[in-house]
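Protein chains in written order, with the UniProt record's numbering: chain S, 1 to 259; chain F, 1 to 324; chain B, 1 to 320.
These are computed hints drawn from the structure, not numbers from a lab. Don't take every hint at face value.
Claimed, not checked - Negatives, chain F to chain S, calculated, CB over 10 Å:
no.	residue
1	Leu47
2	Leu113
3	Thr116
4	Glu142
5	Leu178
6	Ile179
7	Ile211
8	Phe241
9	Pro296
Claimed, not checked - Distance windows between CB atoms, simulated:
no.	chain 1	residue 1	chain 2	residue 2	range
10	B	Gln115	S	Ser61	29 to 37 Å
11	B	Val304	S	Asp126	37 to 45 Å
12	F	Thr45	B	Gln236	51 to 59 Å
13	F	Asp34	B	Val304	53 to 61 Å
Idealized CB from N, CA, C, for every residue including glycine.
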Amino acid sequence: MTNGHPLIQVKNLDLYFGAFHALKNVSVDFHAGELVGLVGDNGAGKTTLIRVLCGMHTPTSGEVYFDGQRVEKFHPKLAIDQGIETIQQSVGLCDNLSIARNFYLGREPVRRILGIPFLDFTTMRDKSTRVIRQFGLRDNVSADDEVERLSGGERQSVKIGRAVEFRNRVVIMDEPTNHLSVREREHVNELAVQLKKQGLLVIYITHDIFQVHKLADRIVIMENGEKIEDASTSKMTAEQLEEVIRQGGRVVERREALS
Amino acid sequence: MSLAAIKPVVRRHAEIGILLIAVALVAFFSATSDGRWANAYNFATILQVTATLGLMTLGVALVIGTGEIDISVGSTFGMGALVYLWLASRIDPSAAALAAVAVGAAIGLLNGLLVTRTGTPSLIITLGTLMIFRGIAIALTEGFSFSIPYAARKGWSFEILGGGEFLGFNTALYWLILILVVLTVVLTAMPFGNRLLAVGGSAASAHSRGIRVGRIKLSAFVICGALAAFAGTLEAGKLGFADGSMGRLMELQAIASCVLGGCLLAGGRVSLIGALLGAFVLSSIQSYLVVVGVAPQWFLLFLGIIVVLAAYGDQSLRQWALKK
Amino acid sequence: MTVKQLTHTQGLGAIIGVVIMLAAFTMIDFSGWWTRQTIANVVQFTAILGFVAMGQALVIMCKEIDLSVGSVYGLAGVAFITLEPTLGVPGSLLAALVIAALAGLIQAIAVVKGQLPSMIVTLGGLFTARGIIYVWTGGSVHNFSEAARNHPVTRLLGGELFGIEAAIFWLIAVGLALNLLLWATPFGNQLLATGGSKESAESRGVRSDRVKVAAFVLCALLAGFAGVLTLCDRPQTHVTLGELMELEAISAAVIGGCLLAGGRGSLVGAVLGAFIVVSFRYELIALGAPSSWYITFVGVVLIVAVIFNQILARRLGHSV
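With the rest of the complex left out, here is chain S (with noise of 0.2 Å):
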């Protein structure tokens, strides 16, 4: 599964926000097909982690390739345009505007009169009007609806429909099935699962390793900006990736020292 090249690889990443290291010489590749739990603390790195990768933070030092390219600039416009869809926790929609108008924000679907690029309403509302029934939203919430009126949960399924409907090669879930209800979370997991067997690399964020363990192949797990543990799900069990967290990788370092 892991073999040919890697789809998204991380080289000696360092990120600094003026003297705090957030990143300390992360290495660490992501295949196609693949599902990796990212998981540690709070405060681990992870999210920071994902953030260089969909172009939100760049890096101070250290390459990140994908598909065999060199990211030269990082802007999430990039990240987005190269097919990498990311739900993020706190951001990635705006409040003011009707679900519609979040479901394509920035990729608007446009219809051209005279060359004038006007904004193609029935499409924008047919296609998130659909997306929303199928994760689940209450009856009465339209697409014309501002955001704002939201729940968490219906908010996040907004966030994960998006990243779903448009084709992607990567979808980042970072922490989703915070605000979730069981019947929720399970559908999320169960989604996270079908993107990757379609042949997305999916990268899930969250700092509950027993959950994650169900679903990925591969946990990476991160501690004070720096990658502790890289292994696949077959060969450590979710108890022992959760005594590497707790001891902040002593054991690993213990591990590598007796090798």
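Once you've looked at the hints, dock chains F and B against the given chain S.
Positioned in the frame of chain S, the structure of chains F and B alone reads:
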């Protein structure tokens, strides 16, 4: 049919509040002024004032929509007027107007670049440029005279640029209507408008969706500067002369109009027609005070109180409409 | 104070600015700058603008802004002179300060209770207070009587002490008190916390609304006091008294290192900022430039200062 039924309408149409105020004021002013306020001549005057203030207000509303603010527009207005007057007696007025708009756009570009490239609050940057260009305007008028000789105040290109009337209204009004329609279409039915509102609603979310936040803000500043200078051009065309204090305090009236019209200062919610109604209400009050013989000084006092009340009223209305 | 502490003060930019400016002015125009008259004027107006700037700095530190200070300054000055015939000098002084404090209080309540942006509320305050000045004076110019000019209170506020403008002593006294208030009392700590992170401050039990009200009232009081000081020195009112002063005061506070993001600032810096702004005015006059260039220069200095401070703050690792 209950109050609850109109909540969604209020939620989507920020201008409802100002529309009610405008209607009530027009009724009140007409009833209490013995026909001195509500007559064709006075209306034409009010609409001319509304037109120039309104053009400036439209630009400011766009900038406010992105979550920034531009208080340099009063000075840009003055610079536009001076450039137009200086050139109009030398070259064709239409070319002079283009030059004035270009100067305004350049001021807007300067504002926008300083704000987006350095990440500095726009309030401070535009406060700085407000002073810079006001000083330049005064210095220019101390050395040169800016007026068009009466003999030269004719020709179609002079008349369509605020210097003449069409169907009894100053031509500035038609420019206002044209630009209002264009900007409304841009804002509501084009990707640029969608992105502009997204930037104002949540710059971080817009950025994460691949929108170049800086560029959107920069465009808003450029449009705002160009419109303010164009408003100055039209005012100069009407008066035929200008001094260095032209447009002073207009930036505050423009911001007041936006707030009155239901634009959210935090960004993300804009009503162009509402902002215009705001400008109309301010011009109407000013004219009413004149016709009923109240000292014009009261206008400032009212203006201050109205701005705060309007902001409060708009917020309360909005909160009521958002309640489920 | 160690070098490290020095480089970490918010006023660093202003200190550098003052040094460069003085050096430049001395080189350009030694004889025009270092004269008794210029220095006296600069000191007097620095003191006056300094008061307004310190008030503005306090408001900016709790992440709000007060655009009304110019009008409040004018209103207090007009009240001081207009009420003097009926209330006497001490009475009208008190009345002027009460009016100023009320102006601050009303606006503060609109900001915290009405949950409105302070920019809009104080913009309204700017109009309203200026409107009251126009309506009250009817545009006429008021003067002090000879007796009022010679009243000890007038002399104490507006005269000279040991050959130096009295205003500067007031500035030093009030400045010291405010610095103590800001850096050595719980209130100061709460004010900075409110500006830095309102939620965190409130979660620790700080009543951030009250802190903001206090800051607005202090700011208006300082502006009013500055207005009174001006008129004790030159007892004549204009309806335009204090126009554009809000811009000068914000410039001074920003030049002095106040970040609009709140939570950081320096009162000493604000006074130094006022010194820079006022010095520019007199240097330009001394150089014979048209007075309007002064406005342009303040604008340029404001933009340069705010960008410089922004870069400086980022270098020091603050998030701005």
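Each hint, compared with the structure:
1. No Cβ of chain S approaches the Cβ of F:Leu47 within 10 Å, the least distance being about 29 Å, so the stated non-interface status holds.
2. Here F:Leu113 stays apart from chain S, with its beta-carbon at least about 19 Å from theirs, past the 10 Å limit.
3. Consistency note on F:Thr116: stated as away from chain S, and its beta-carbon is indeed over 10 Å from all of that chain's, at 14 Å minimum.
4. With a least CB separation of 45 Å from chain S, F:Glu142 remains clear of the 10 Å interface cut-off, as annotated.
5. With a least beta-carbon separation of about 16 Å from chain S, F:Leu178 lies farther than 10 Å from that chain, consistent with its non-interface assignment.
6. The beta carbon of F:Ile179 sits about 16 Å from the closest Cβ of chain S, which is more than 10 Å, so the claim that it is off the interface holds.
7. At roughly 5 Å from the closest C-beta of chain S, the C-beta of F:Ile211 falls inside 10 Å, breaking its exclusion from the interface.
8. For F:Phe241, the shortest C-beta to C-beta distance to chain S comes to about 39 Å, beyond the 10 Å cut-off, and the non-interface label holds.
9. The beta carbon of F:Pro296 is kept farther than 10 Å from every beta carbon of chain S, the shortest such distance being approximately 38 Å.
10. Taken as a hint, the range 29 to 37 Å is violated for the pair B:Gln115 and S:Ser61, whose Cβ atoms sit roughly 45 Å apart.
11. For B:Val304 paired with S:Asp126, a C-beta distance near 53 Å fails the hint of 37 to 45 Å.
12. Here the CB-CB span from F:Thr45 to B:Gln236 is close to 37 Å, at odds with the stated 51 to 59 Å.
13. Remark: the range hint 53 to 61 Å for F:Asp34 to B:Val304 is upheld by a beta-carbon distance near 56 Å.
In terms of the numbered hints stated before, the structure departs from hints 7, 10, 11, 12, listed from lowest to highest.
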